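Asker: As a plain string of letters, each chain reads:
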Amino acid sequence: MFATLLQATGAGDKLVTPEVPWSHLAPQLILVVGATVGVIAAAALRGRLRRSVGAVGAAVVAGAAIVSIIPLWHRVSNPAQGPISAVNGAIGVDRFSLFVTALLCAAVILASFTAEAYLQREGLDGPEFSLLLLLAAAGGSVMAGANDLIVMFIGIEVLSLAVYVLAAMHARRISSQESGLKYFLLGGFASAFLLYGIALTYGATGTTSLLRVQSFLAERVLTDDGLLLGGLALMLVGFAFKVGAVPFHMWTPDVYQGAPSPVTGFMAAAVKTAAFAGMLRVFVVGFASYADLWRPVVGALAIASLVVGAVMSVVQTNVKRMLAYSSIAHAGFVLLGVDAASAEGTAASLFYLAAYTAMALGTFAVVTVVGGSGDGAHTLDAYRGLGRRRPGLALAMSLFLLAQAGTPVTIGFLAKLGVIRAAIDADQWALAIVAMLTAVISTFMYLRIVVAMYFAESESESDDRGELRIPWGVGVTIGVAVIATLVLGVVPGPLEHLSDDALPVLVAVDGR
Amino acid sequence: MSPNAYVLLGAVLFGIGAAGLLIRRSPLVMFMCIELMLNAVNVTFVAFSKMLNDVGGQVVVFFVLVVAAAEVVVGLGIIVAVMRRRSGISADDLSLMKG
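Chains A and B, in that order, are what the protein sequence lines are.
Oh and the first sequence: position 173 is 173 in my numbering, straight run, nothing missing.
Numbering-wise, my numbering comes out as the position in the second sequence, counting from 1, plus 1000.
Same shape as in the complex, but just chain B:
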């Protein structure tokens, strides 16, 4: 496959992630969608790096991976803290504040 196809793959994955975040209501699945979006960006970076013949894009992937890992630590912590208070919560239940 040409690198172009991988750029497209990245765009499709990013779109799936974005759509999933807007449609799904479980905080955990929404969080997984964010991870999917970040990894779609990784695919895009590697594809561009291949097209441009420049390793810079591949190095960026490592930075993104580290950031994604840090996000998991913080995100899961917050999700677990909320879940412990109110089990089986969905994003629609997070409606304490409105107006």
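Just chain A, with the same shape it has in the complex:
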């Protein structure tokens, strides 16, 4: 894309800049402009208004972005018009990118409600918190739509840089800053690998545009594809790190434990979703002709994530670490859908990500409440007797945990069913069996928390920890997550319909 641009200047012609169809990029623009305006407004305001501009502002902006997606979805679904390729083929607007963007915006809304209550309790002053969530969502949305590997890299960095800051946001908790530093160092490491993979792919194919990589590989057989394979491997490492797949998961438990609880929920839900969106677009679509080579590697990552995630989660005593390992196991399940390398697998992955977004945000909203002032009470002991002290909260937590375990009538069951079916249709029996077995092991861990809440006698009566307050913001998040987990578990039709439609496509630049 850049080559044609610069050749135009070299020839002495007027520089032809690509046309930017602003209206087609509305969701991303709303997110970025909203975050920028929010930061300026926050600098000008004082007092209570200042704090609420964060949560309410972020929710309004993310809501506006979702509203702006609806007409685009209809426009893209219209067979006469089809998906759009914008900015000279750098970014695509298709149902896949719109679906993921909507999911990210929903995660921002729920996470910012939880964050508002969290900030108030911790006495932290920061509308930046929610506004950084918006920027992270904008980065993730760019990743989902990227039709060029460099745009993908910029999206991943915008997302990551915002989340590094969010993880280190709690100024008085040293573990929060420690987790921010760890996440930053290892995240930068992984980004460098991803970028080097892009460079090698550029060297092998002569372009960073996914569309041209795809057609280049479809048209010819490389006699010496060492460079390309190296590039593919390094890019896979970068993505595997971002989704937290074993053996690139080492950062996950530490970062999840140390980061502020609402941020952990956002990381589990949104960062995973965005990273998987990028992975699906690059590997399943861009490198479709090399599927035979990358599928076994993704399959191995899936098995390792499922086994390590399930087994390690059982031996933990800290609930946040348990949930971190369980998120690794969930990444393994989504990798089943990626490994299938089919339309069905992609749809199943998206459905799983949507389901996990609801379950993870709900779970970590409960964790935020139970964590108490100082965000430190995350051992299994803190959950003992919760069923007596706070029956509603314990019920919601049990629902989220059982949904994550894959209990029927919840969305978690359908999500697991979808990816396992996709794996079986792709003749990956071994993967499917490992997934089912590890799901049983994970269930043990989820039940441990449930048992602690209902059946374990708390050695000291509840008074020493004081009354757990459930602020309205957290209440809203938990309520929405409960409704999503149950209602979509019984009536999955609408979401399944959307995720089936949301397949990534690469569109040629029109007129060129």
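Possibly wrong hints are sitting among the right ones.
Claimed, not checked - Where chain B lies over chain A, by a calculated footprint (3+ residues, C-beta under 8 Å):
#1 153 to 159
#2 200 to 206
Unchecked claim - Simulated restraints on C-beta separations:
#3 A:V16 x B:V1080: 22 to 32 Å
#4 B:A1019 x A:R50: 42 to 52 Å
#5 B:N1004 x A:G376: 53 to 63 Å
#6 B:S1090 x A:E19: 47 to 57 Å
#7 B:A1081 x A:G479: 28 to 38 Å
#8 B:N1004 x A:I40: 45 to 55 Å
#9 A:I40 x B:S1026: 32 to 42 Å
#10 B:L1065 x A:V315: 37 to 47 Å
#11 B:D1093 x A:A233: 29 to 39 Å
#12 B:V1073 x A:I441: 36 to 46 Å
#13 B:L1065 x A:E19: 19 to 29 Å
#14 B:R1086 x A:D125: 19 to 29 Å
#15 A:V297 x B:A1005: 27 to 37 Å
Hints were generated in silico from the structure; no laboratory data involved.
These numbers come from a predicted model, not from an experiment.
All residues carry an ideal CB built from backbone N, CA and C; glycine is no exception.
Dock chain B against the given chain A, drawing on the hints supplied.
Answerer: Chain B only, in chain A's frame:
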């Protein structure tokens, strides 16, 4: 030197950066290693761009530079925040969370 040698140079620099990040324990030096890795990628992009006779690779370098600059802002901020709490810290001391 042929562009091939520069591709090799890029690979060596990237390797030095990666090894340094794994071996060194000071967060600041580890961060410098990440920067070295990013710049190794820049060398690789320019070398490929020369080999392929395509300016695209050179334009990419500007994007990477901007990203690296943004990373410095955020990274140094986090490192300074941690250092202020515990001076002379090394990556081995970051062991509050284990298990």
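Asker: Verify the coverage statement for the segment 200 to 206 of chain A against chain B, using a C-beta to C-beta distance below 8 Å and requiring 3 or more qualifying residues.
Answerer: With 4 residues closer than 8 Å to chain B, the segment 200 to 206 of chain A meets the three-residue bar; holds.
Asker: Per the hint of 37 to 47 Å, is the separation of the Cβ atoms of L1065 of chain B and V315 of chain A within bounds?
Answerer: holds (44 Å)
Asker: For the range 53 to 63 Å, tell me whether the beta carbons of N1004 of chain B and G376 of chain A fit it or not.
Answerer: Cβ of N1004 of chain B to Cβ of G376 of chain A: about 56 Å, so the range 53 to 63 Å holds.
Asker: Taking 27 to 37 Å as the stated bounds, is the beta-carbon spacing between V297 of chain A and A1005 of chain B within them?
Answerer: Roughly 31 Å apart at Cβ, these two residues keep to the hinted range, so it holds.
Asker: Using the Cβ atoms, figure out if S1090 of chain B sits within 47 to 57 Å of E19 of chain A.
Answerer: holds (52 Å)
Asker: Is 42 to 52 Å right for how far apart the beta carbons of A1019 of chain B and R50 of chain A are?
Answerer: holds (46 Å)
Asker: When you take the CB atoms of A1081 of chain B and G479 of chain A, is the distance between them in 28 to 38 Å?
Answerer: holds (35 Å)
Asker: Lying within 36 to 46 Å: is that true of the beta-carbon distance V1073 of chain B to I441 of chain A?
Answerer: holds (43 Å)
Asker: Do the beta carbons of N1004 of chain B and I40 of chain A sit within 45 to 55 Å of each other?
Answerer: holds (50 Å)
Asker: I40 of chain A and S1026 of chain B, beta-carbon distance inside 32 to 42 Å?
Answerer: holds (37 Å)
Asker: That 22 to 32 Å hint for V16 of chain A and V1080 of chain B (C-beta), does it hold up?
Answerer: violated (44 Å)
Asker: Quick check: does the Cβ-Cβ distance between R1086 of chain B and D125 of chain A fall within 19 to 29 Å?
Answerer: Given range 19 to 29 Å: holds, Cβ gap about 24 Å.
Violated hints amount to a single one, hint 3; each of the other numbered hints is respected by the structure.
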